[in-house]
Amino acid sequence: MDAWSITACFIEHASFYGCTHALQRAEESSTALKKRGLVVYGVRKIQGAVPRSKFCSLAVCELSLDGPPLGHFIHTGRARSLAFSTQARTYVHKPQNSPPPPASPPPPLPTPPAMATSLSPTATVSASKKRRSRGGTLTLDEVKKLGTELLSSRAHLNHAPALLALLSPTTPFDVALEALISLQSFFVPLIPSIPSASAAATAGDAGSDPELVFGAWLRQRFDELVAALVELSVSPHSDDAIRDVALDALMDFVKLGKDGKFQSAIYHKFLYAVVHAADPIDTLLELLGSKYFKYTDVCYFTYTSLDKIANSLGSKTTGSGKDAMQNGNDGSENRSSIFVHNIYNLLAHVPSMDFQKESSFDMWSTVGLSSKGEKDSSKDTSTYIKKKLKLKFTKAWLSFLKLPLPLDVYKEVLASIHQNVIPSMSNPSILCDFLTRSYDIGGVISVMALSGLFILMTQHGLEYPKFYENLYALLTPAVFMAKHRSVFLQLLDTCLKSSYLPAYLAAAFAKRLSRLALSVPPAGSLIIIALIHNLLRRHPSVNFLVHWEVDESDSNATGEASQSKKIGADPFNNNEADPAKSGAMRSSLWEIDTLRHHYSPAVSRFVASLEEDLTVRAKTTEMKITDFSSGSYATVFRDEVRRRIKQVPLAFYRTTPTSLFLGSDFPGWTFGGQHNSTVETIVEGNGKIEVVGDSTPSKRLRMEFMAKSSGGWTLKEYPSYPLESGLIMKFMLHILSIFCCLWSCALGQNISVRPSAVNIGALFPFDSTIGRVAKVAIAAAVNDINKDPSVLRGTKLVVQMQDTNYSGFIGIVQALQFMEKDTIAIIGPQSSVVAHVISHVANELQVPLMSFAVTDPTLTPLQYPFFVRTVHSDQFQMASVASLIDYYGWKMVTAVYIDDDYGRNGISSLDDELAKRRLKILYKAAIRPGAKKSEMAAVLVKAAMMESRVFVLHAHDDSGIDVFSLAYNLSMTSGGYVWIATDWLTAYLDSAPRLENGLLSTMQGVLTLRQHTENTNRKKTLVSQWSKLVKEDSGSSGSLLNSYGLYAYDTVWMLAHGLDAFFNSGGNISFSPHPRLRAVAGGALNLDALSVFDEGMLLLEKIRKVNFMGATGPVKLDSDGNLIQPAYDIVNIIGSGLRTIGYWSNYSGLSIVSPETLYKKPYNVSANQELHAAIWPGETVTTPRGWVFPNNGNELRIGVPNRVSYRQFVSVDNQTGTVGGFCIDVFAAAINLLQYPVPYRFIPFGNGRENPSYTELISRIVTNEFDAVVGDVAIVTNRTKVVDFTQPYVGSGLVILTAVKTQSSNGWAFLQPFTIRMWSVTGIFFLIIGTVIWLLEHRINDEFRGPPVKQVITVFWFSFSTLFFAHREDTRSTLGRFVIIIWLFVVLIIQSSYTASLTSILTVQQLTSPITGIDNLIASDEPIGFQVGSFAESYLVHELGVSPSRLKALGTPDEYKTALDLGPRKGGVVAIVDERPYVELFLLQHDKVAIVGAEFTKSGWGFAFPRDSPLAVDLSTAILALSENGDLQRIHDKWLSNGPSPQSTADLEPAERLRVQSFSALFLICGVACLAALAIHGCILVQQYSLHVASLPPDAVATGPDGAISRSRRSSIRAFLSFADRRETQCLKGGSCKDPAALGGSGSGTSSSSGVSSFTSSNASMSR
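Numbered by this note's numbering, the letters in the sequence shown go through residues 1484 to 3147 in order.
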């Protein structure tokens, strides 16, 4: 049966079997169905006869064998669609006769509420019909339908097992993805209702509640889903995309638990599977690290699970100590080793957290680390989280370290434990057992354990009594050859630094080291000498070991150090493990003395320097072990060959030889150009060799050398006659006429007939990295094209592939053979050398040449129109390399390349791209094609001597692998180096079936490129079929698919699409002889067979217009003949694999986002310049500096000015040659801060009689006479154009130095504080204030009334008296008092300022000078002095326009003083223009001179280097460090702070006179107050006058004839002024004015009315 639906029940009825038998059968059926994954709600007993309408199944179950299930409900009645089985008490549905649905379906028995309305037999039967599959497998549409039905109705719950079965790594990607999404969407809302595993187990009883049974079934299906997701995530056969989706779904289930709790059980299952995975898990670890390890709770539960897993593994495994580190041959031990590797990789990928800093913790789950269902805010503090996380971190690592670690893991742990583990542990002291046990093992393990043990001893108080004994035992010759010797030797030096070290212990270590110096390599001897030097410096008590003589007459000497010794015998026992018993105190360092005659000159010289240092102990310092710890044979050899030695001539010639041999050496012989006849040698297939010499046109001499059977040769000579030319001409005319007729007929009808087959040639080496893959890819493409009838429409594509066997000559010959066979296109070649030659032939014969591997950028369509490149040009690859170099900030690189067309042209393109970014190639290291390893090593050694440590390797795979191997042996792949390989490396690594660890170890940290290809459907299909295609190709060696294989595949498709367009346009395949070949036809070369493809230009045009989606992405050529959208993957080689750290595309530059995503966004190159962190050589994430000081033995030639004056800055001792001064000390201090040694020597510049020209000194850098200039060199514009300067270490600028004299005060000095304008404005305001007060007080205050003279005097008196004392007159009005208050404040400020200024003028000594600034100096015609050699002369003449005749050169400070004292009228100068540091130093020693004006240029002093010198950048950083730590100021105080402080510029300037602008705000406020008071007073006065006029009697007002009031304007003004002049009390008498207090008075209502002035009376009489 295809499918069935089963209902298990037992019925107690007379017509059936007995109850017991039925029950037993039903239970057996139920158990069997549960094992098959079906839903059985239970077995129910039905009593007696039951109506058919109520009889229904009690279990719903569904099983799909070859197709989807058919239904849910089965009735037990006698329906036509049911058959009764007496054996199993089950009812089986017949698939061949599907019954119609019952008219009235029976009501279901109790089921879960969510399912009660969804289980419909109608839907079941219809769904059964729709879900049936034809071939037994589910298509994508069927899977989508199953998912839709599962999500739409609970009636389709049993689709879940079918979808779960599809979650397998072998399932097609689209099917598995659709099933995963459907199941995830189904289970996510049900997660809160899924019971726990224990609750689901209790629901397995058949009599349980159906809801519980449903929950148990749901739990079981959910567990199966989790298991499937774990398998998809861990399995190496899973697609990367499905692995990513499965991991996300799994972590969503971990997050979406009950009440937001982290589902640690699910996560533990996942980690358990990861740990027990037998295949590499690098990809999965990258996903976890980038997505989820950034969450604190994920890290927390990772540590928790790894702790449990490690404990479980520890209980299963046995063995400890050193034996546990070895991998056995037993399978279980190998598996345990794999598990331990996986645990370590997980722990290593969890990012370490800095627990010392306050930081916020991101949580994946809602609750976080809380173990309860709801979030506990009291425990959600950072301190609590750090504490728990530290505890779990500690437990996980301790459990891991208890496991039997393989040797490689053991070493990795020891190498990183002091950096990654100890700082994050809650109590690092618990690692003491592990570290001490490792330290006691000995050998390289002890060396690596020393770092961690040293931290525990120095920072965590660990006491280890046998530390120095074990450290002593580690000193063996093998330690100087170990990989981690550098760290060990540095720690050894640190451990021996303590001054509390006993003398016997220091002596024992010194003696042990000196004995090792006899057997270690030269680099080790150098380190030992440095260590012994430091020991003798730190412990003077053992200095007797250097030279010890025992006086035989001293018989009373006691102690170990004075015991008699046997001459010629060393009491030191090198085999003694205890340093105290070694006898070192009775020995001497005679071994060091023997090193004087060491075979290595470096060692012998170093011993000599050690002796000198110990002789003058006070002048020596400790040596830095870091300078020697990484030495090797290569470094010693490199340092030695770079030393400059004297060149001795080895041979002498009177004249320069021009040839190897002379004519007299071979009498009777002549060489070259003596015969005009041409000789041909023809090799025929019959074993003859013919030598043909030209004689006459009609007869040629033919000589045959015929082979005999005996092996000899016979010479024959015979004439050769030409054929009859007339017969040949007639025959050719007939053929030509027939051809012309046929051609005209074809043109008239324009018939295009598709041929049955077209011949294509393919040309490449089959056994190359690219060729092995391309051969399979081309065959697959041809097969796919011929199977697709829509491409060539009946025309078969035939590709003939030829193996060039790595020979350019054979490749050229095979290409010509293709041309003879009427080939319409050639795919290939792979070599750029062959492509250059064949492209000329293709141009002439018009045959398209389509290459999928030639990346030479010089093969352009302009020169080679028939060359079609179907891969990205090296122009784009070199642009990406240049972007990488620019991104990391390197300025220069070394290019290592193969010296052929491919290598030279690629590096030339790189040079152009670097020049666009102001970068350069420092050295081009060319490797000869086919070079031996010794030649390559010589090239690499020479390249290593250069400054640059960034190497770009552009070579073929065979030579490139050798280069990396040699570089590894030369220690050129260690820390500090950078290697960038072009895409040849990824092509080799991607196609290799297995990557050897030995090979990858030579490339650790290398950056390489891979041509980026999109993940298209055609690519997925080709990848999935690749293993099958490789097996079908008998010649293939199992190579994997790389990017060049994809481009080869697309090349064939591109040609097929071009041919289809060619035939659609009426193209025909026809050939004709080449007209130019007729002139050279003849002979055995058969050049007549080479014919021109008549319509090759049309085919080329169609190929260039092809546009389709290939395996690599969009395939289309731009106007320049390049593929569109060039992009590369940036790959980092780490460990045993490759890691993509970013992408480069011509559209967006460097980015961590794939190029196809950025193509959809607007063009913006600068917005996405970002890459992931790279691991560099030396296993560091710190970007290397990219350059070092060149290790070629040459010292840095530093030019210093030989100054005559101001020698505090730079001084040269002409007798000893020593150089000193402020600038020299700053340079030396900055050099000492560099991380690398810089040998240098100072070269004085100048004659010593006068200061040298600094412009000429700088020019010596440009001419390469000096490598740098150190001194008091000013940074000016014209100098920065030719050299680079460091950060200024002294601020400088041009200032004016002039003679000054003391200014004496005169009798009018009291007027100097104010300017004339200030005096005028102040006086005017005094008058204004007096007038305003008089106006405000006149009507109410008798003191401001009276005769006019009196009132004018009162105004003056009142206003000016406020300057000195309180005024006598009383102010009664409010407005007057307001004005007076403001005015008194102004007066107070003016008076205080005047007093201070006058005091300064009369008491402080004032210095004056006729020159006040640069403008005043330029305007005068007086002579100006400048320092010899300074740039001030050029600046004054060219920038300020000063006449050269005014300038006078001065050489010394004494000349400065003399010129200033004489003055311009006695042959001196009026001022000197010089740089501020010189002037300040001059002012310290001389008086009566000072700086006037401001500094009119801003510059500084710096050290000069050649353009783009990286040393200038590092020294700038060092100068900033000197400035920050105060050393620069201390050096300044040492040299330049002697004597009193220089004269301040402020002392030269006259006291600043007070101006109006300084008090403008005060005057403005006072003026506004006066105007406001007058305005208010005027308004009040007008109001009073109006009331006064209204209160007058009618007879007092003059009326006109008509009774209107008539008053002239003049009389009105006169009346108003008369009213204003009256006293307010007069208004009160008239009854029309109010109380004066109410009108603004001061309340003086008691004033008498007799105080009317004569001025008022006269006004009143005038008004009358």
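Note that these hints are calculated values from the structure, not bench results. A virtual CB, placed ideally from N, CA and C, is assigned to each residue, including glycine. A couple of the hints might just be wrong.
With a straight-line cut-off of 30 angstroms between C-alpha atoms, the simulated DSS-like cross-links for lysine-lysine are [said to hold, decoys possible]:
id: 1; residue 1: K2270; residue 2: K2599
id: 2; residue 1: K2643; residue 2: K2588
id: 3; residue 1: K1744; residue 2: K1878
id: 4; residue 1: K1894; residue 2: K2279
id: 5; residue 1: K2503; residue 2: K2270
id: 6; residue 1: K1791; residue 2: K1885
id: 7; residue 1: K1885; residue 2: K1777
id: 8; residue 1: K2502; residue 2: K1774
id: 9; residue 1: K1966; residue 2: K2415
id: 10; residue 1: K1777; residue 2: K1628
id: 11; residue 1: K2502; residue 2: K2588
id: 12; residue 1: K1869; residue 2: K2403
id: 13; residue 1: K2399; residue 2: K2644
id: 14; residue 1: K1894; residue 2: K1873
id: 15; residue 1: K1894; residue 2: K1777
id: 16; residue 1: K2931; residue 2: K2784
id: 17; residue 1: K1628; residue 2: K2502
id: 18; residue 1: K2514; residue 2: K2270
id: 19; residue 1: K2764; residue 2: K2931
id: 20; residue 1: K1870; residue 2: K1791
id: 21; residue 1: K1744; residue 2: K1871
id: 22; residue 1: K1878; residue 2: K1980
id: 23; residue 1: K2270; residue 2: K2502
id: 24; residue 1: K1628; residue 2: K2503
id: 25; residue 1: K1744; residue 2: K1628
id: 26; residue 1: K2784; residue 2: K2643
id: 27; residue 1: K2502; residue 2: K2403
id: 28; residue 1: K2599; residue 2: K2588
id: 29; residue 1: K1949; residue 2: K1885
id: 30; residue 1: K1627; residue 2: K1791
What follows is a set of in silico ranges between Cβ atoms, one per label pair, in the way DEER data are often shown [as the list claims (entries may be wrong)]:
id: 31; residue 1: R2724; residue 2: S1835; range: 27 to 35 angstroms
id: 32; residue 1: P2238; residue 2: N2498; range: 31 to 39 angstroms
id: 33; residue 1: S1912; residue 2: A1831; range: 34 to 42 angstroms
Inset, instruction - Please work out if K1628 and K2502 have their alpha carbons no farther apart than 30 angstroms. - result: Within the cut-off at roughly 28 angstroms; holds.
Inset, instruction - Given the hint that K2784 pairs with K2643, test it: the Cα-Cα distance must not exceed 30 angstroms. - result: Roughly 78 angstroms separates the two Cα atoms, so the pair is violated.
Inset, instruction - For the pair we were handed, K1869 and K2403, check the Cα-Cα distance against 30 angstroms. - result: violated, 49 angstroms
Inset, instruction - For the pair supplied as a hint, K2502 and K1774, confirm whether the alpha-carbon distance does not exceed 30 angstroms. - result: Judged against 30 angstroms, a Cα distance of about 27 angstroms means the pair holds.
Inset, instruction - Take the C-alpha atoms of K1627 and K1791, compute the straight-line distance between them, and say whether it is at most 30 angstroms. - result: violated, 40 angstroms
Inset, instruction - Take a quick look at whether K1777 and K1628 sit within 30 angstroms of each other, Cα to Cα. - result: violated, 38 angstroms
Legend entry - Distance restraint between K2502 and K2588, which requires alpha-carbon spacing of 30 angstroms or less: holds, 22 angstroms
Inset, instruction - Quickly compare the C-alpha distance for K1744 and K1871 to 30 angstroms and report which way the hint goes. - result: holds, 17 angstroms
Inset, instruction - For the pair we were handed, K2931 and K2784, check the Cα-Cα distance against 30 angstroms. - result: Holds, at roughly 23 angstroms.
Inset, instruction - Quickly compare the C-alpha distance for K1885 and K1777 to 30 angstroms and report which way the hint goes. - result: Distance of about 27 angstroms is within 30 angstroms: holds.
Inset, instruction - Quickly compare the C-alpha distance for K2399 and K2644 to 30 angstroms and report which way the hint goes. - result: Between K2399 and K2644 the Cα gap is close to 26 angstroms, so the pair holds against 30 angstroms.
Legend entry - Satisfaction of the hinted span 27 to 35 angstroms by the C-beta atoms belonging to R2724 and S1835: 46 angstroms Cβ-Cβ, so the 27 to 35 angstroms window is violated.
Checked against the numbered hints above, the structure breaks hints 4, 10, 12, 22, 25, 26, 27, 30, 31, 33 and satisfies the rest.
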